[in-house]
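Protein chains in written order, with the numbering used here: chain A, 797 to 1051; chain B, 38 to 454.
The reader is advised that the hints may include incorrect statements.
[What the hints assert, rightly or not] Straight-line C-alpha distance at most 20 Å; calculated EDC-like pairs for lysine to aspartate or glutamate:
#1 B:86 - A:860
#2 B:206 - B:234
#3 B:91 - A:996
#4 B:86 - A:1023
None of these hints come from the bench; they were simulated from the model. Keep in mind the model is a prediction, meaning the values are calculated, not measured.
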Amino acid sequence: MKSMFDNSAATQGAIAAAEAFAQSLAARFGERLTRCVAERGETTIEVAPQAWLEVMTALRDEADFRFEQLTDLCGVDYLSWGEAEWDTTDVSAEGFSRGVEGEGPGRFSWAGRPRDVAIPHRFAVVAHLLSISHNRRVRVRAFCDDDELPSLPTLTGLWSGANWFEREAFDLFGIVFEGHPDLRRILTDYGFVGHPFRKDFPLIGNVEVRYDPEKQRVVYEPVTSVEPRVLVPRVVRDDSRFEQASAERKLGGGR
Amino acid sequence: MAEIRSYTMNFGPQHPAAHGVLRLVLEMDGETVVRADPHIGLLHRATEKLAESKPFNHSIGYMDRLDYVSMMCNEHAYVRAIENLMGVDVPDRALWIRTMFDEITRILNHLMWIGTAALDLGAMAVFLYAFREREELMDCYEAVSGTRMHATYYRPGGVYRDLPGHMPKYQESKWRKGKDLARFNAAREGSLLDFIDAFTQTFPQRVDEYEELLTSNRIWKQRTVDIGVVSPEQALDWGMSGPMLRASGVEWDLRKKQPYAKYAEVDFDIPVGVSGDCYDRYLVRVEEMRQSNRIIRQCVEWLRANPGPVITRNFKVAPPTRTEMKESMEALIHHFKLFTEGYSVPAGESYAAVEAPKGEFACYLISDGANKPFRLKCRAPSFAHLSSMDEIVRGHMLADVVAMISTYDVVFGEVDR
Chain A
797 MKSMFDNSAA
807 TQGAIAAAEA
817 FAQSLAARFG
827 ERLTRCVAER
837 GETTIEVAPQ
847 AWLEVMTALR
857 DEADFRFEQL
867 TDLCGVDYLS
877 WGEAEWDTTD
887 VSAEGFSRGV
897 EGEGPGRFSW
907 AGRPRDVAIP
917 HRFAVVAHLL
927 SISHNRRVRV
937 RAFCDDDELP
947 SLPTLTGLWS
957 GANWFEREAF
967 DLFGIVFEGH
977 PDLRRILTDY
987 GFVGHPFRKD
997 FPLIGNVEVR
1007 YDPEKQRVVY
1017 EPVTSVEPRV
1027 LVPRVVRDDS
1037 RFEQASAERK
1047 LGGGR
Chain B
38 MAEIRSYTMN
48 FGPQHPAAHG
58 VLRLVLEMDG
68 ETVVRADPHI
78 GLLHRATEKL
88 AESKPFNHSI
98 GYMDRLDYVS
108 MMCNEHAYVR
118 AIENLMGVDV
128 PDRALWIRTM
138 FDEITRILNH
148 LMWIGTAALD
158 LGAMAVFLYA
168 FREREELMDC
178 YEAVSGTRMH
188 ATYYRPGGVY
198 RDLPGHMPKY
208 QESKWRKGKD
218 LARFNAAREG
228 SLLDFIDAFT
238 QTFPQRVDEY
248 EELLTSNRIW
258 KQRTVDIGVV
268 SPEQALDWGM
278 SGPMLRASGV
288 EWDLRKKQPY
298 AKYAEVDFDI
308 PVGVSGDCYD
318 RYLVRVEEMR
328 QSNRIIRQCV
338 EWLRANPGPV
348 ITRNFKVAPP
358 TRTEMKESME
368 ALIHHFKLFT
378 EGYSVPAGES
388 YAAVEAPKGE
398 FACYLISDGA
408 NKPFRLKCRA
418 PSFAHLSSMD
428 EIVRGHMLAD
438 VVAMISTYDV
448 VFGEVDR
């Protein structure tokens, strides 16, 4: 049996191609990229919000890149990155309740976020581009400068398809796309308050809806019918279990 | 003569041609569409947010419920994203099974599409024919997973179990007995592979039957030819994929261009349209059904000849067998950890795309090293397609909007997520 980190010949080729492409991106954009990596055959670049439009335009128009399609664009909220609900290093008398009542994602504030990770800002926008002519993909990320009012320039001028993807990111994360022709909510209800995919938006929601027979209309009230709960606590295990297992198998000649 | 002003009209969400819950606000000038504003989200279930609160494996079942007529293809994108991040090896047999079921799913989807599209445009019979075959393929889903639609069959590292050696049979009833019963059960005497093999023998003739009803049908052509033309530039600009992109003449199919599972080893052709109208989209999908049939036959042949494991032996990701669990302490621990805590996926991000029947379905998975996804984004083809509605239907007649919606092949499970 092959170990977990062996890659077949086909993927080795993809990994080499992604690395070469990352280098060509770094050579073209230089300082404008805050990060440029190729992992598992996927190329990721990060740009400052000020360079967002410029880099995207170059990626679409220049002959070396020619990314004709914006396949996907989404918002990401990095609040609570790397935070676990079940801290196995601390032993306390609280027992199991640590897991189910802990400060999980969606239940702590931006101020209380873990500080030891290299995430500069809370909100990011990630776009996936596809080049039909070169058969290549690239992922472009930009962190929004302002955590209170995150914003980025719109891509609707470059790809019409960005329209709904940006509306979705605005609806779910509250990221404002400057210059967007029609920045309305798209997935949530008419008159919805808040941005539900933010990590500090509770999973059970803020309001629930029911029909009030006395008022003879539908009313919105604070949620009382369900309680927030955690069935399986979130744990972060970066203990090299997988490398270990594959190394053991290599030594032992496979099981 | 009375003056006719433009007015606004609600198309759906309670309209049979709105394919579920599309609310399309149309600004009309007489019978001509001036502006179309699709309102979506009536089926929004926050799948991506729910996935953030559950171990990785718990969300496989949610994927079925996104595009609920191409269930296993959605699962495929999700499990591939996890496999990419963990670097799990998948046994060959599992990859062949996935290839086969992806194609069965494609036929299921296109049958559903051809039936409902014809129904929208006034042809009743095609629906009945299409659902006859859908029933047989649903039985394949049932045989392998226990459910007819929401299979939860693909798992990171393989598929849940091997193909069964027998097919469920019709029971005797007041309406089905004697010779009738024997006829219904004739193809079900052998294994699942025998059943699928028998299906692929007859399916091309059945596609001929649908074509007989539609391809040169005068009414069908009047309703679809030169309606809703999407140029190749528009298709790329709006992020279209799958049959929508190919009908516009762009030769692009992830199964050929960025092969996954076993698509690099099977022989099939990619149909490409010329004019990008509703009729071309119809022709492309019909031909895709024939090609899927070809792929399935090759998969059946391989699967018959090559028994083997269908899920990885890496017990951090997939459970050990029941018998092992009863005898080995280590296997018991693996089992316990897997079903209580799940597995932690190394920190990183991956975008795994598959050629779903409707286009490029992809899962963008960000992990921070925990046993739950940090962020999951499902890239749904219908979402991108539907966003182009305003530009494409502008200037068309109201009845053409129906033809457009149905040949877009939108399913609201994945548009709204």
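Structure-based check of all given hints:
| no. | hint | result |
| --- | --- | --- |
| 1 | B:86 - A:860 | 37 Å, violated |
| 2 | B:206 - B:234 | 17 Å, holds |
| 3 | B:91 - A:996 | 17 Å, holds |
| 4 | B:86 - A:1023 | 17 Å, holds |
The structure shown violates just one earlier hint, number 1.
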